[in-house]
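Colleague: All letters in the sequence shown, in the order written, are residues 274 to 334 by the working numbering.
Derived by calculation from the structure, the hints in this document are not laboratory data. For clarity, every value in this text was computed on a predicted model and none was experimentally measured. Built from N, CA and C at the ideal position, the CB exists for glycine as well. Any given hint might turn out to be false.
[Unchecked claim] What follows is a list of derived Cβ distance ranges for each label pair:
1) 282 to 328: 29 to 37 angstroms
2) 275 to 319: 27 to 35 angstroms
3) 327 to 289: 16 to 24 angstroms
4) 326 to 279: 32 to 40 angstroms
5) 297 to 328: 16 to 24 angstroms
6) 301 to 274: 28 to 36 angstroms
7) 276 to 296: 42 to 50 angstroms
8) 287 to 326: 17 to 25 angstroms
9) 275 to 323: 33 to 41 angstroms
10) 301 to 278: 19 to 27 angstroms
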Amino acid sequence: RPLGPVPGDRRPHLHVSLALPDPTAADTHRLDTLVAAARPAHMPYTVEVTAATAAERTTDR
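Work the whole structure out from these sequences, hints included.
Modeller: Below is the structure:
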């Protein structure tokens, strides 16, 4: 028996966050389309596209 409540939510949820150097509304739409096609049908989701900070940017490819 657990000694307390089980952590987390009872319902699953997927959140995808992407940091880009110059995000646009089209980037959000593309990410949303990709996640909607790849996620399990029963799982609610959210997507977030933000501007990358200098520390997050890299020139390595």
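Colleague: For each hint, tell me whether it holds in the structure or not.
Modeller: Okay, the hints, checked on the actual structure:
The hinted window of 29 to 37 angstroms between residue 282 and residue 328 holds, with their beta carbons roughly 30 angstroms apart. At roughly 29 angstroms, the beta-carbon separation of residue 275 and residue 319 lies within the given 27 to 35 angstroms, and the hint holds. The hint said 16 to 24 angstroms for the Cβ distance between residue 327 and residue 289, and at roughly 23 angstroms that hint holds. Between residue 326 and residue 279 the beta carbons are some 35 angstroms apart, a value that agrees with the proposed interval 32 to 40 angstroms.
Remark: the range hint 16 to 24 angstroms for residue 297 to residue 328 is upheld by a beta-carbon distance near 22 angstroms. With their beta carbons about 44 angstroms apart, residue 301 and residue 274 fall outside the hinted range of 28 to 36 angstroms. Between residue 276 and residue 296, the C-beta spacing of about 44 angstroms keeps the proposed range 42 to 50 angstroms intact. At about 24 angstroms, the beta-carbon gap between residue 287 and residue 326 stays in the expected band of 17 to 25 angstroms.
As the Cβ distance of residue 275 to residue 323 is approximately 36 angstroms, the hint placing it in 33 to 41 angstroms holds. Between residue 301 and residue 278 the Cβ separation comes to about 35 angstroms, which falls outside the hinted range of 19 to 27 angstroms.
When the structure is compared with the earlier hints, violations turn up for hints 6, 10 and for no others.
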